[in-house]
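Asker: Quick mapping for you: the protein sequence lines, in order, are chains A and B.
Each residue of the first sequence is one higher than the one before, counting from 113 in the numbering used here.
Each residue of the second sequence is one higher than the one before, counting from 68 in the numbering used here.
Keep in mind the hints are simulated off the structure, nothing from the lab.
Don't take each hint at face value.
The calculated lysine-lysine pairs, modelled on DSSO-like cross-linking and capped at a C-alpha distance of 27 Å, are [stated by the list, open to error]: (1) A:K247 x B:K189; (2) B:K319 x A:K228; (3) B:K267 x B:K79; (4) B:K98 x B:K319; (5) B:K98 x B:K79; (6) B:K143 x B:K242; (7) B:K189 x B:K143; (8) B:K209 x A:K247; (9) B:K98 x B:K147; (10) B:K147 x A:K228; (11) B:K319 x B:K267; (12) B:K267 x B:K189; (13) B:K147 x B:K79; (14) A:K247 x B:K156; (15) A:K228 x B:K156; (16) B:K192 x A:K228; (17) B:K324 x B:K106; (18) B:K242 x A:K247; (19) B:K106 x A:K247; (20) A:K228 x B:K242; (21) B:K106 x B:K242; (22) B:K209 x B:K106; (23) B:K209 x B:K156.
Examples of chain B residues lying across from chain A (beta carbon under 10 Å, computed) [claimed, not checked]: (24) P80; (25) F81; (26) L160; (27) R162; (28) T179; (29) L213; (30) I216; (31) Y218; (32) Q222; (33) A232; (34) F310.
Covered, in the sense of this in silico footprint (three residues per stretch, anywhere, with C-beta under 8 Å from a C-beta of chain B), are these stretches of chain A [stated by the list, open to error]: (35) 160-168; (36) 239-245; (37) 250-256; (38) 318-330.
We treat Cβ as the ideally placed atom computed from N, Cα and C, and that holds for glycine.
The primary structure of each chain is shown beneath.
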Amino acid sequence: MGLDFTVIPQYLDIVLWGALWTILITLGAATVSFIGGMFLAVIALYAPLLVRLPFRAFAFLFMGTPLLLQLFLIYFGLVQVGIDVPAVMAGIIGLGLHFAVYNSELFQTGILAVDKGQVEAARTVGLSRMQALRKVVVPQAVRDVIPPIGNNMISLLKDSALVSVIGVSELTLSAQRAIGSTYRPFEFYVLVAVIYYIINLFMEAVQRRVERRVQASR
Amino acid sequence: MKDEGDHMTDQKPFVDIRHAQKSYGTLEVLKDINLQVQKGQIVAIIGPSGSGKSTLLRAINDLDPLTGGEVWLEDKQINKNLPHRQYEKHINLVRQEIGMVFQHFNLFPHLTVRGNVTLAPKMLKGLSDVEANTLAEAQLDKVGMLERIDYYPSQLSGGQKQRVAIARALAMNPKVMLFDEATSALDPELVEEVNLVMKKLAEEHMTMIIVTHEMSFAESVCDRVLFMDQGVVVEEGPPEVMFRNPTSDRTKEFLRKHLAGQHP
Ligand SMILES: Nc1ncnc2c1ncn2[C@@H]1O[C@H](COP(=O)(O)OP(=O)(O)O)[C@@H](O)[C@H]1O
Ligand SMILES: [Mg+2]
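Based on the sequences and whatever the hints tell you, model everything.
Answerer: Okay, here's the thing in structure tokens:
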């Protein structure tokens with residue numbers, strides 16, 4: 113049987129709803145990964161050993177095991193200990209924490225790369241260690257790691273497809289549903305690929321815009 | 068401007084460094100240094116590279132804590148012995164009263180000129196945006212940088228950066244200003260604009276301690292000159308004596324080499 117793209121319009125709303133969920137999950141997880149990543153970076157660099165160690169173990173766990181397993185653990189595993197996390201939330205948390213660990217590495221590099229004279233200047237006018245970190249070091253570190261963080265966020269978008277395994281009707285799973293009724297895998301997978309690509313382009317555009325905006329502040 | 072500071076021994080010193088000693092491991096960088104600066108006095112510290120000038124200056128606001136001796140500002144000991152938390156509080160307050168200007172400016176590149184000058188007053192003195200702005204405008208006007216208030220540091224020349232750095236320090240209304248080779252990183256044609264700002268502060272009787280390689284500038288603004296070498300103050304005195312008729316052979320040697328270097 114040949115290709116027939118005319119089946120698409122009838123199922124387009126299902127797919128677009130899926131796309132919307134993918135965008136929401138990506139945005140949510142990106143936020144978690146950003147804030148969590150910065151938190152982990154500051155802990156890793158400045159917290160006393162006793163605080164640092166458990167977080168390091170956590171980071172090790174999230175880096176060293178498959179994301180799929182982490183999603184299963186949060187969604188199916190936590191129920192057993194009485195924590196019932198809705199699938200979408202489990203997806204956002206799982207993806208978010210997974211990428212927080214990767215972002216943390218970038219933020220750490222960024223923080224360490226900020227010139228020592230910056231902290232000295234901040235301390236000299238009377239800022240405390242924390243104030244200097246918050247107002248002087250972290251903003252510069254964030255500015256400097258925008259490109260690699262952007263790359264991580266694009267990986268996050270792609271990995272959001274994994275959230276389908278815990279039953280969230282995001283883009284990939286909605287396509288599978290449409291395929292289930294139409295038996296037209298090629299057409300729908302191509303459609304979904306195009307949609308991922310468009311979201312991707314959009315994210316790259318945002319990243320370029322942010323980079324242009326911080327250009328003068330180097 | 069030159070008010071014979073040497074003879075004002077009846078007055079209590081404003082900045083008082085007593086028996087300052089600093090070691091990095093076995094390397095002794097400051098060896099029993101004493102320096103008293105009266106209010107409104109301007110002291111220049113000269114000496115070869117590595118002689119401990121920066122270390123001494125940075126001991127005053129505790130950026131490089133001493134390993135021995137005391138530093139006093141008015142009736143407060145700066146490097147006093149306190150439990151860590153209390154010490155941090157104490158030192159943060161003390162530092163508000165001591166302005167410092169670095170060789171490499173150390174402006175905050177992610178903030179505009181306005182942001183650089185208003186950051187500390189807003190965070191530490193609780194100034195509102197409007198108040199902080201008024202303050203920033205006044206300080207920037209003083210250093211001739213008002214028209215660049217919305218620029219980022221990357222858009223300024225070295226001399227302009229240093230003038231903004233001075234305004235940033237002045238915005239905290241410090242009691243004393245420390246300059247660590249403020250013009251050494253500048254192209255020669257940009258040195259004068261920074262010197263002029265420093266002269267203006269001198270005319271306003273700001274207490275200043277200036278580490279410098281510019282002998283003619285030191286001679287024209289300072290009340291007293293210290294010559295340091297290998298962690299000790301070899302000789303000190305009024306500029307006319309120090310530059311024209313020094314006693315120590317090491318001072319003579321340094322000045323001779325230095326002047327030769329300046330006019331190749
Ligand atoms: N963090 C440090 N660790 C070890 N030695 C240092 C450190 N900082 C400065 N020194 C040494 O202390 C001496 C004095 O340095 P410094 O005060 O910077 O001299 P100056 O400002 O007169 O050029 C130099 O020999 C320098 O190598
Ligand atoms: Mg120096």
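Asker: Does each hint fit the structure? Answer for all of them.
Answerer: Against the structure, the hints come out as follows:
Note on A:K247 and B:K189: the hinted pairing holds, with a Cα-Cα distance of about 12 Å set against a maximum of 27 Å. With a CA separation close to 36 Å, the supplied pair B:K319 and A:K228 exceeds the 27 Å bound. Only pairs whose Cα atoms come within 27 Å are accepted, and B:K267 paired with B:K79 is accepted, the gap being roughly 25 Å. Under the criterion of a C-alpha separation no larger than 27 Å, the hint pairing B:K98 with B:K319 is consistent with the structure, at around 21 Å.
Between B:K98 and B:K79 the CA atoms are separated by roughly 24 Å; this keeps the pair inside 27 Å, and the hint holds. For the given pair, B:K143 sits about 13 Å from B:K242 by alpha-carbon distance, which is consistent with the 27 Å threshold. A hinted pair counts as satisfied when its Cα atoms are at most 27 Å apart, and B:K189 with B:K143 qualifies at roughly 25 Å. The straight-line distance between the Cα atoms of B:K209 and A:K247 is roughly 26 Å, inside the 27 Å bound, and the hint therefore holds.
Between B:K98 and B:K147, the direct Cα distance comes to roughly 19 Å. Compliance with the 27 Å bound is thereby established for this hinted pair. At roughly 25 Å between alpha-carbon atoms, B:K147 and A:K228 fall within 27 Å of each other, so this suggested pair holds. The straight-line distance between the Cα atoms of B:K319 and B:K267 is roughly 30 Å, outside the 27 Å bound, and the hint therefore fails. Taking the CA atoms of B:K267 and B:K189, the gap is near 26 Å; set against the 27 Å cutoff, the hint holds.
A threshold of 27 Å between alpha carbons decides the hint, and for B:K147 with B:K79 the separation of about 19 Å falls inside it, so the pair holds. Simply put, A:K247 and B:K156 have alpha-carbon atoms about 18 Å apart, close enough for the 27 Å limit, and the pair holds. Annotation: proposed proximity of A:K228 to B:K156 holds, straight-line Cα distance about 21 Å (limit 27 Å). Under the criterion of a C-alpha separation no larger than 27 Å, the hint pairing B:K192 with A:K228 is consistent with the structure, at around 25 Å.
Under the criterion of a C-alpha separation no larger than 27 Å, the hint pairing B:K324 with B:K106 is inconsistent with the structure, at around 33 Å. Note on B:K242 and A:K247: the hinted pairing holds, with a Cα-Cα distance of about 25 Å set against a maximum of 27 Å. A C-alpha spacing of about 33 Å is found between B:K106 and A:K247, which places the hinted pair above 27 Å, so the restraint is violated. For the suggested pair A:K228 and B:K242, the alpha carbons sit about 25 Å apart, so the restraint of at most 27 Å is met.
Restraint check for B:K106 and B:K242: the C-alpha separation of about 9 Å stays at or below 27 Å, so the hint holds. Restraint check for B:K209 and B:K106: satisfied, since their Cα atoms lie roughly 21 Å apart, inside the 27 Å limit. Between B:K209 and B:K156, the direct Cα distance comes to roughly 31 Å. Violation of the 27 Å bound is thereby established for this hinted pair. Because the closest C-beta pair between B:P80 and chain A is about 22 Å apart, greater than 10 Å, the hint is violated.
This hint is violated: B:F81 has a C-beta 19 Å from the nearest C-beta of chain A, more than the 10 Å allowed. Evaluation of the B:L160 hint against chain A yields a held restraint, the C-beta minimum of about 7 Å falling below 10 Å. Checking B:R162 against chain A by beta carbon gives a least distance of about 4 Å; that is within 10 Å, so the hint holds. Hint status for B:T179 relative to chain A: holds, with the closest Cβ pair at about 8 Å, below 10 Å.
A cut of 10 Å between beta carbons decides the hint on B:L213: the least distance to chain A is about 19 Å, and the hint is violated. Restraint check, B:I216 versus chain A: the minimum CB separation of about 14 Å is more than 10 Å; hint violated. The beta carbon of B:Y218 is positioned within 10 Å of a beta carbon in chain A (closest approach about 8 Å), and the interface hint is therefore held. Annotation: B:Q222 was flagged as interfacial toward chain A, and the flag holds, the nearest CB pair being 7 Å apart, inside 10 Å.
Hint status for B:A232 relative to chain A: holds, with the closest Cβ pair at about 8 Å, below 10 Å. The interface hint given for B:F310 is violated, since its Cβ lies 30 Å from the closest Cβ of chain A, which is over the 10 Å cut-off. Remark: the region 160-168 of chain A is not confirmed as covered by chain B, as 0 of its residues place a Cβ nearer than 8 Å to a Cβ of that chain, below the required three. For a cut-off of 8 Å, the count of residues in the region 239-245 of chain A with a CB near a CB of chain B stands at 4, and the three-residue condition holds.
Coverage of the region 250-256 of chain A by chain B holds in this model, with 3 residues showing a Cβ closer than 8 Å to a Cβ of that chain against a need of three. Interface restraint, the region 318-330 of chain A with chain B: holds (4 residues with C-beta to C-beta distance below 8 Å; minimum three).
When held up to the earlier numbered hints, the structure conflicts with 2, 11, 17, 19, 23, 24, 25, 29, 30, 34, 35 and fits the remainder.
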